[in-house]
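> Sequence:
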Amino acid sequence: MPNEEHEIPLKIFRNAPELVVPLLEGAGVELPAFTEVTHTSAECTDSRPRAYNADGAYVLRNGAEKVLAVVVERQQKREEDKFWTWPVYQTTVRSQVKCPTVLLALCPTDPIARYYTGPIDTGYPGDRMTPVVLGPSRTPLVVDPVQARVLPELAVLSAKAHGDEDHRALDAVMAALDVVTSDDRAFYYDYVLAGRSNAARKYLEDLMSVETYEWQSDFARKYVGIGREEGREEGIASSVLRILHKRDLSVSEDVRSRIESCDDIDTLNTWLDRALDATRAEDLFD
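So for the sequence shown, my numbering puts the first residue at 159; every next one is plus one.
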């Protein structure tokens, strides 16, 4: 039975079908011109005796024209049977939607991704099917908060893949969570938090220890810890300085003093938002 580590990434794709675009582009796939990405049936049944079901399938369209179908598979372990069933998934979806089709396999570790990387020989000389396989190292890294807000789901996958080694991915995903629904916010946060190293987990929990974003939900009450012993103002000021530091922006003593001495919540929250995309620390006050 599929577990949460299998199902959660698939829900992320259902929430944002356009997520297939940066993943394929990041893997070096040249995409045709398109205007939208939509769901399509993931049922790969071509005969009554046996049913094949892929994890997800999406279609890139250029206006009314279908230009590329993408079969998405979440593969958590080595299974030799996939070398036989994946060509079925790809060719059946291709037959159903009648356009070029690729299979995108998402693997939780690089060793599993390497196991599936390469062409699958279907028998006839030169007749091969090559899946696009992504492990953590081939998952696009998102560190820009602005980019994270444009496609939050990509920031979630980035933080899951790179959060232990690059805390900028965790900063970015926190910005991304600010623009999703409260239900998805809790869902995505728990997914990113699961399996983190102790250092990355503490970093995330420190980010959530102050009311960094105005999240009015059970999620905020659960993770932010309103009513903590330290003052709210001091916590937000600390977050502003931490973001500036993580973005390698120089902070003068005058800037630091102005931030730390501010006791107005609205002003601090404004500075916090500006810290995410400022080019200089002094830009906070413009």
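FYI, nobody ran anything at the bench for these hints, they're computed from the structure.
It is possible that some hints are incorrect.
[What the hints assert, rightly or not] Derived lysine-lysine pairs resembling DSS-like cross-links, with alpha carbons at most 25 angstroms apart:
1) K169 x K235
2) K224 x K256
3) K224 x K169
4) K256 x K360
5) K235 x K256
> Against this structure, judge whether each hint is valid.
Going down the list of hints, with the structure as the test:
Only pairs whose Cα atoms come within 25 angstroms are accepted, and K169 paired with K235 is accepted, the gap being roughly 19 angstroms. Note on K224 and K256: the hinted pairing holds, with a Cα-Cα distance of about 8 angstroms set against a maximum of 25 angstroms. For the given pair, K224 sits about 23 angstroms from K169 by alpha-carbon distance, which is consistent with the 25 angstroms threshold. This hinted pair does not check out: K256 and K360 have alpha carbons roughly 49 angstroms apart, beyond 25 angstroms.
Straight-line distance between C-alpha atoms of K235 and K256 comes to about 31 angstroms, which puts the hinted pair past the 25 angstroms bound.
In the structure shown, a violation is registered for the earlier hints numbered 4 and 5, in ascending order.
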